[in-house]
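**Student:** Residue-level listing of the chains:
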Amino acid sequence: MSGGELKTFPEWVVCEHCDSVYQRVALANGQVARCERCFAPLYRASSLDAERWLALTVAAAIMFVIANLCPLVRISLQGLHNEATLWQSAAALAHGPAALIAVPTALSIIVVPFLQIALLGWILVFARRKRRAPGFATAMRMLVVLRPWSMVEVCMLGILVAIIKLSSFLEVVPGPGIWATAVLMVLITIIANRDVHWLWDMVEARPTHSESRT
Amino acid sequence: MSAPPRAAQLHVIACHTCGMVLEDAPGHPGHGRCPRCGTTLHRRRPNSIARAWALLIAGMLFYIPANLLPVMYTNMLGSGSDNTILQGVVEFWHGGSYGIALVIFIASVVVPCSKFLILGMLLMTVQRRSTWAMRERARLYRLVEIIGYWSMLDVLVVAIVAALVKFQSLSDIEPRTGILFFGMVVILTMLAAMQFDPRLIWDSEDT
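Line order of the protein sequences matches chains G and R.
Position one of the first sequence corresponds to residue 184 (this note's numbering), numbered consecutively onward.
Position one of the second sequence corresponds to residue 30 (this note's numbering), numbered consecutively onward.
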């Protein structure tokens with residue numbers, strides 16, 4: 184056991200929050216294994232297989248495009264009209280003394296959700312054939328890093344607050360982009376905020392399988 | 030029921046990215062790379078407490094200008110005014126929109142302030158190796174992780190409102206410096222929470 188190769192324990196799971204070690208047990212659908220020491224969730228039974236997961240990711244991609252192309256909100260004031268898309272909202276911050284804040288804003292509502300969808304799509308297209316996508320490890324690492332910075336749900340609440348704020352003195356009409364953002368919020372939660380660990384096991388089972396399947 | 034063993038007792042180390050459990054060999058200082066995904070392995074996050082304190086204190090300092098400086102300039106039919114976050118809350122409250130006033134108040138005051146208090150408390154108790162209410166403290170940490178990014182709400186509202194209201198002479202809304210500090214508070218406190226290693230809470234149990 185000394186030297187380069189470290190022994191691995193695939194049947195064990197370690198709580199990320201307190202380092203307690205458990206034996207993996209099979210879970211029924213919808214069940215969550217929790218740590219006895221700190222009650223943090225250890226892992227969940229996934230009701231999604233790669234096929235369904237990919238389908239939802241494609242749906243999220245379509246919603247993402249609509250949310251970015253169509254206006255979120257239209258307003259009118261004394262015969263004048265105006266509307267704004269997600270991108271225009273982030274760009275509006277880039278003017279004036281607070282311009283720097285436009286960067287994290289654009290990242291959290293546009294770039295990070297885009298990367299999440301793109302990386303998951305890439306991984307899942309291969310995973311449904313039990314294959315490991317090129318750059319699989321990097322993509323999986325990025326998904327873990329990106330997760331806390333995806334703020335579609337905060338953005339949705341922000342749009343609602345902005346509508347209520349403006350409706351006191353302007354005429355405000357929700358645009359198609361707001362519905363796409365709402366659906367995107369739900370889809371991102373389903374596809375990206377879940378336990379992705381099992382993908383490792385799934386594509387690892389047959390490492391040399393890829394050649395024979397294409 | 031006896032408590033489950035901990036990773037150090039079984040001489041194993043878990044990868045944060047892919048969940049793989051590996052032997053923590055004595056020859057390896059615990060800073061090797063995961064053979065499956067390539068992430069650097071740590072028994073505990075390096076300098077967790079010092080980094081978390083630094084980010085938390087920076088966030089607290091930025092919270093002062095975030096509240097004192099205006100976040101938005103509003104020009105309505107020729108009369109312009111600068112508004113801070115709290116002025117906005119008060120206006121909504123007086124205007125009768127109690128729900129919205131509450132939502133903004135929670136996102137801009139309750140969430141950041143509870144993050145300061147909870148993270149500060151966690152860091153102090155971990156430094157004192159306190160065994161007090163460990164399960165509850167672990168829960169508070171997970172709460173901080175979950176609520177963290179909702180303060181970004183203020184930034185996004187300013188962004189959307191400023192993007193929409195552009196009618197030159199009639200009315201105009203522009204972002205102001207306060208919103209930059211506000212965004213920095215959110216980012217710094219999120220980084221502080223990520224730097225804090227919740228496993229430290231339970232390490233006090235061992236000694």
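Don't read these hints as lab results, they were simulated from the structure.
Just so you know, these numbers come straight off a predicted model, no measurement behind them.
In this text, a Cβ means the ideal position worked out from N, Cα and C, and glycines have one as well.
The reader is advised that the hints may include incorrect statements.
[What the hints assert, rightly or not] Not the full set, but computed from the structure, chain G residues with beta-carbon under 8 Å of chain R: (1) T191; (2) D202; (3) V241; (4) I245; (5) I249; (6) C253; (7) L255; (8) G262; (9) F309; (10) A320; (11) K348; (12) S351; (13) E354.
[To be verified] If you want the ones that stay clear, here's a sample from chain G, every Cβ over 10 Å from chain R, calculated: (14) A233; (15) A244; (16) L260; (17) H278; (18) A345; (19) L349.
**Student:** Against this structure, judge whether each hint is valid.
**Tutor:** Hint-by-hint comparison with the structure:
Below 8 Å, beta-carbon pairs count as interface contacts, and G/T191 has one with chain R at about 5 Å; its hint therefore holds. A hinted interface residue such as G/D202 counts as satisfied when its beta carbon comes closer than 8 Å to some beta carbon of chain R; here the least separation is about 4 Å, so the hint holds. Using the Cβ-Cβ criterion of 8 Å, the hint placing G/V241 at the interface with chain R is not satisfied: the shortest such distance is roughly 25 Å. With a cut of 8 Å, the hint placing G/I245 at the interface with chain R is violated, because the nearest CB-to-CB distance is about 23 Å.
For G/I249, the shortest C-beta to C-beta distance to chain R is roughly 17 Å, which exceeds 8 Å, and the interface hint is violated. Given hint, G/C253 at the interface with chain R, is violated; its Cβ is 14 Å from that chain's nearest Cβ, farther than 8 Å. Hint status for G/L255: holds, given a least beta-carbon distance of 7 Å to chain R, under 8 Å. For G/G262, the suggested interface contact is broken, since its CB lies about 10 Å from the closest CB of chain R, more than 8 Å.
Interface hint status for G/F309: violated, as the beta-carbon distance to the closest one in chain R is roughly 16 Å, over 8 Å. The interface hint given for G/A320 is met, as the beta carbon of that residue sits about 5 Å from the closest beta carbon of chain R, less than 8 Å. A hinted interface residue such as G/K348 counts as satisfied when its beta carbon comes closer than 8 Å to some beta carbon of chain R; here the least separation is about 6 Å, so the hint holds. Interface hint at G/S351: satisfied, since its Cβ lies 7 Å from the closest Cβ of chain R, which is below the 8 Å cut-off.
Proximity of G/E354 to chain R is violated relative to the hint, the smallest CB-CB distance being about 12 Å (cut-off 8 Å). With a cut of 10 Å on Cβ distances, G/A233 stays outside the contact zone with chain R, its closest approach being about 17 Å. Interface exclusion of G/A244 from chain R stands, the closest Cβ pair being 22 Å apart, more than 10 Å. Non-interface status of G/L260 relative to chain R is broken: a Cβ of that chain comes within 10 Å, the nearest being about 6 Å off.
For G/H278, the shortest C-beta to C-beta distance to chain R comes to about 7 Å, within the 10 Å cut-off, and the non-interface label is violated. The Cβ of G/A345 sits about 4 Å from the closest Cβ of chain R, inside the 10 Å cut-off, so the non-interface label is violated. Not every CB of chain R lies more than 10 Å from the CB of G/L349, the least distance being 7 Å, so the non-interface label is violated.
Checked against the numbered hints above, the structure breaks hints 3, 4, 5, 6, 8, 9, 13, 16, 17, 18 and 19 and satisfies the rest.
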